[in-house]
Amino acid sequence: MIALEEDKRIIRETIAKGAKEGRFAGRKALIFGCTLYARDIREALQEQGICLSAILDNNPQKANGTCLGVPVYLPKRYFEENTGEVTVILCSKYHREMAAQLNELGCGSE
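Going by this note's numbering, the first residue of the sequence shown is number 1, and it counts up by one from there.
Honestly, the hints are just simulated from the structure, not real lab data. Worth double-checking, as some hints may not be accurate.
Claimed, not checked - Quick list of in silico lysine to any residue cross-link-like pairs, SDA-like style, CA-CA up to 25 Å: (1) 20 with 61; (2) 62 with 79; (3) 20 with 62; (4) 62 with 17; (5) 62 with 35; (6) 62 with 104; (7) 76 with 47; (8) 28 with 83; (9) 28 with 107; (10) 8 with 35; (11) 93 with 26; (12) 20 with 99; (13) 62 with 96; (14) 8 with 50; (15) 76 with 37; (16) 93 with 61.
What the hints assert, rightly or not - If you anchor each label on the Cβ, the simulated ranges turn out as follows: (17) 61 with 7: 21 to 31 Å; (18) 80 with 26: 18 to 28 Å; (19) 22 with 79: 14 to 24 Å; (20) 43 with 21: 15 to 25 Å; (21) 23 with 68: 32 to 42 Å; (22) 82 with 48: 14 to 24 Å; (23) 25 with 61: 28 to 38 Å; (24) 96 with 7: 10 to 20 Å; (25) 25 with 60: 13 to 23 Å; (26) 83 with 4: 31 to 41 Å; (27) 71 with 43: 26 to 36 Å.
Since the model is a prediction, treat every value here as computed from it, not as a measurement. We treat Cβ as the ideally placed atom computed from N, Cα and C, and that holds for glycine.
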């Protein structure tokens, strides 16, 4: 399955807007979900000079590995092992559930 060009455009524009607004300044950039769109999100971040630090995923079979050369963590484990400010990018039909999970872990969302 390949991401649609319109979806890629929306991702690029959203990341560019977030970068312009300073949402990534001094923060680690994370993606929640090792999905079809992870590559496009990483590329959009790179276009803005932002390095993708990690990918969060609830699937234990994906965690402890890599996706696109980036480490994949279970969300709880990531926040137990890492400190510092983060910006988590949600790009999934489960975004509401992901946002609720992040709030439970003490990583509020906007």
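When the structure is checked against the list of hints, which entries are broken? Sort them ascending. 1, 3, 4, 7, 11, 21, 25, 27
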